[in-house]
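So the protein lines, in turn, are chains A and B.
Each residue of the first sequence is one higher than the one before, counting from 100 in the working numbering.
Each residue of the second sequence is one higher than the one before, counting from 100 in the working numbering.
Take these hints with a grain of salt, some might be off.
Which copy is meant is left open, because identical chains are indistinguishable; a pair holds if it fits in one copy or across any two.
Straight-line C-alpha distance at most 20 angstroms; calculated EDC-like pairs for lysine to aspartate or glutamate [as the list claims (entries may be wrong)]:
#, residue 1, residue 2
1, K118, E154
2, K108, E146
3, K108, E163
Since the hints were derived computationally from the structure, they do not count as laboratory data.
Computed from a predicted structure; not experimentally measured.
2 protein chains.
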Amino acid sequence: MDLQASNSKQRICFCLKVKPERLAEYTQRHREVWPEMLEALRRAGWENYSLFLREDGLLIGYFETADFAGALAAMAASEVNRRWQQEMAPFFDGDPSLLPDQQIRPIPEIFHLP
Amino acid sequence: MDLQASNSKQRICFCLKVKPERLAEYTQRHREVWPEMLEALRRAGWENYSLFLREDGLLIGYFETADFAGALAAMAASEVNRRWQQEMAPFFDGDPSLLPDQQIRPIPEIFHLP
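Construct the entire structure; sequences and hints are all you get.
Pasting the structure below:
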C-alpha cells in the first residue's frame, strides 16, 4: 500500500537546491509572495504548504493535497505561476531547461503518525 | 518575527542521513514502529509527523507541535524512546556519540500557506 495515498489527503515532500550565494534574496522574496500566486496555490489545492531552507541551500517543500497530480497540473497551467517560476529560476541550481516547479519529485513517505 | 512561531502550532522540519546500504531495513522498521513508541510521541505532543526517505539516504522529518522544545525534551526523557533511538542509531551516518534524535536541528521555515 502506498502510505501517501492511505488517507484522503496526500502529504508531499520535495527538495530543490538554491544557490548558496542567493539564500538571503530568495528568503526575502518569500516574505512577499504575490497575493495572486497564493490564491492560485489555494485554488489548485495546495494546503499547509511550507518551505524550509537550510544554510547550504537545501530547500525542502512540504504540502498536503487531495490530488498531487491535479495540484501540480493546475499550477503548471496557471499564468501567474509561470511568471513566478520564471522569476525564481535564476535562484536555483538544477536543470536550466526546466522551471523549478517542473523539477519537483516527491520523496517517498515511509512513516506517518496523525 | 519568527515565522515558525507565528501560529500556535510550530511546523518543524529536520534532516538526518541514513546509510545508503540500510535504506530497505530502515524503511521496514518504520512499518512496525512499536505501539508504545507511537504513544510516547503522541503524549509528547508530536502531531502530523511524517518521515520521507530519499534514495540517497536523505531522511526528512516533518511534524507539528505546540512546543518544540517541550516535545523534544519529553521524548528525550522517555525510556521507550531511548531504546528506540539506540536501535536506530546504527542506521545513521552522523556523530556516533549522539543518538539520532539528539541530532535534530530544525531547518528555518521561510514560507507558509495555511
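Outcome of the hint check:
1. K118 with E154: Only inside one copy: K118 and E154 sit 10 angstroms apart there, 22 angstroms across copies, limit 20 angstroms.
2. K108 with E146: both (10 angstroms within a copy, 15 angstroms between copies)
3. K108 with E163: Answer is both; intra-copy 6 angstroms and inter-copy 16 angstroms each pass.
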